[in-house]
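Student: Taking the hints as your guide, dock the two standalone chains into a single complex.
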Amino acid sequence: MNTYAVILGMALATYATRALGIFLFSRRLPPVVERLLSHIPAAVFAALAAPPLLAPEGTFAPGLPAVAAIPAAAVAWRTRQVFPTILVGLGSYWLLKWVVG
Amino acid sequence: MAVVPLVPGVAVFGLVYGVLARQAGLSLAATTLMSLLVFAGAAQFTAISMWAQTSGPLIVLTSLMINLRHLLMGASMAPHLRRQPARWKAMLAFGLVDESYALAISRYLRGEGSREFFLGVNVAVYGSWVLGGLTGGVLGGLVLNPARWGIDLVFPLTFLGLLVPLLTRPVTGAVAAASAIVAVVTAAWLPGKGNLVLAILLGSGIGTLLESR
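Protein sequences, first through last, are from chains A and B.
Numbering-wise (numbering that gives the first Met the number 0), the first sequence opens with residue 0 and increments by one.
Numbering-wise (numbering that gives the first Met the number 0), the second sequence opens with residue 0 and increments by one.
Heads up, a few of these hints could be off.
As the list claims (entries may be wrong) - Just the calculated beta-carbon pair ranges, DEER-fashion: (1) B:GLY126 <-> A:GLU56: 35 to 45 angstroms; (2) B:ARG109 <-> A:THR58: 42 to 52 angstroms; (3) B:MET90 <-> A:GLN80: 24 to 34 angstroms; (4) B:ARG82 <-> A:THR58: 52 to 62 angstroms.
To be verified - Stretch-level coverage of chain B by chain A, calculated; a stretch enters the list once three of its residues show a Cβ under 8 angstroms from a Cβ in chain A: (5) 44 to 57; (6) 125 to 137.
Derived by calculation from the structure, the hints in this document are not laboratory data.
All C-beta atoms in this analysis are idealised placements derived from N, C-alpha and C, irrespective of residue type, glycine included.
Bound-form chain B, shown alone (with noise of 0.2 angstroms):
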């Protein structure tokens, strides 16, 4: 199966969130009810590391932000789930993440995909996410002091390993270095991180004025 090699990365992925939503202040059941209902790494490490100092509906705002990539991904894959009914549609919809995206997406391109390879990529990514994050929330309460071991810098690294691999083209090097300029220089200005919407508008409107020239 194509998806063994990410299950590992995933579970780790989801361990190390499971860790830190209980730092976060999250309960055992909350912490597992967010990666059972949300699925969505990045949304859910961004919300947890926003959960103490930042309101609910901004949260929920960020969420929708940092997903709106998967509206693309799933608009690209739309020409192939075309003849499908609506509730395959609906229910491949909710496991459309980067990693199950990029396996089934190219298998569509190499005319070899299909709803169950891509169902089943789903279901392998969901399930080593759920259960690492499970056992992420049991073992976290047990770390006694992570910011002493630098273990809180666990999050500006998730994002650079998913930031870096994006830098293929001048224009996306742009968007990062205005956006990172933005969010630091007016983050003692705006709080309740409003200074990341700022830098994500500000650093995605600079890219797409780069491309329209």
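In isolation and in its complexed conformation, chain A is listed as follows (with noise of 0.2 angstroms):
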């Protein structure tokens, strides 16, 4: 699949998904849809988050990664912002590095 067809596609599939709440609000969907739909970032940034971290070459093995991403959830817990998660797990996985060599 071409690259521009790539991202035309993505922007479409984006827009749908605003322009579809704001245009069928008078439509109430099935409150189990709704629920379904509410759980759906958590279970995407979990989903999205946790092999990286946690299986890196691919299979459940946690390392520096992961040792790093404690301080960096903490700050997220703390701040409720991305930023400073993302400066906090670089220091900290630079630092690990630097104490193991």
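Tutor: Spelled out as structure tokens, the structure:
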């Protein structure tokens, strides 16, 4: 699939999700569907965060990235912001690498 | 303006996207065009993290799944836009991202909201996202070996930073734990990031079941 076709497809998919909610406001979804949709973001973020941190080579083998994620998660909890989380996570990883050698 | 504190954060987030997109093999034009047309942080980060080893349709499907939350945000925004003409709804829908939604809906809930405020927030967030991405895209070619410095960890750390603030209820913790476990355990035998699709479906399904009791 061509690069620009993928980008156009992403754009249409993204815009569709944003416009549908606004335009179909009167149509109520069954509560069970709304509940399912409401859990998708947390499921997505967990599915994306866990493998590189806990299984960098494809199988479960937590190493320095997993350890560095602990202070990063604490900062995420306190600040509720992405950027300080990245800074502390990378900083911890560099420090650990420097200490371990 | 309420959006000012968000602008540097969005621009830096956009810059990181631009750098990583170039390292994932996208041209400067494709990197910038994606920010201009898609305008979705998590979906764009995910797309470029999947770029080299995943088929195009799966990337588009993943964008759809990641952005399904905007469908609910749009639905909750809809009553406040009920009297606006369709062209305003269509325009505001393009800029409905987490940050702009949060600012705009809080204004509406205080009874101080307006389409002009929502549009202003959208334009500020969009502008800083696109310009940050363009800057990162230009710089991206200059960074030689990102993995050596752990820059690739920016991906999981970003998603960790998005996830942790959501963990305010036990059911969300169960969703995240189930999804993380499924994603890790099935990574080895579900190639092409199919493990993510399974993890997202099972994780959100478990959350729905727990809440249905």
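Student: Now tell me, hint by hint, if it's right for this structure.
Tutor: Hint-by-hint comparison with the structure:
For GLY126 (chain B) and GLU56 (chain A), the hinted distance range of 35 to 45 angstroms is satisfied, since their beta carbons lie about 40 angstroms from each other. As the Cβ distance of ARG109 (chain B) to THR58 (chain A) is approximately 50 angstroms, the hint placing it in 42 to 52 angstroms holds. Judged by the Cβ atoms, the range 24 to 34 angstroms given for MET90 (chain B) and GLN80 (chain A) holds: they are separated by roughly 28 angstroms. A hinted range of 52 to 62 angstroms holds for the C-beta pair ARG82 (chain B) and THR58 (chain A), which are about 56 angstroms apart.
Counting residues of the stretch 44 to 57 of chain B whose beta carbon lies closer than 8 angstroms to any beta carbon of chain A gives 6, which reaches the threshold of three, so the coverage claim holds. Counting residues of the stretch 125 to 137 of chain B whose beta carbon lies closer than 8 angstroms to any beta carbon of chain A gives 0, which falls short of the minimum of three for the stated coverage.
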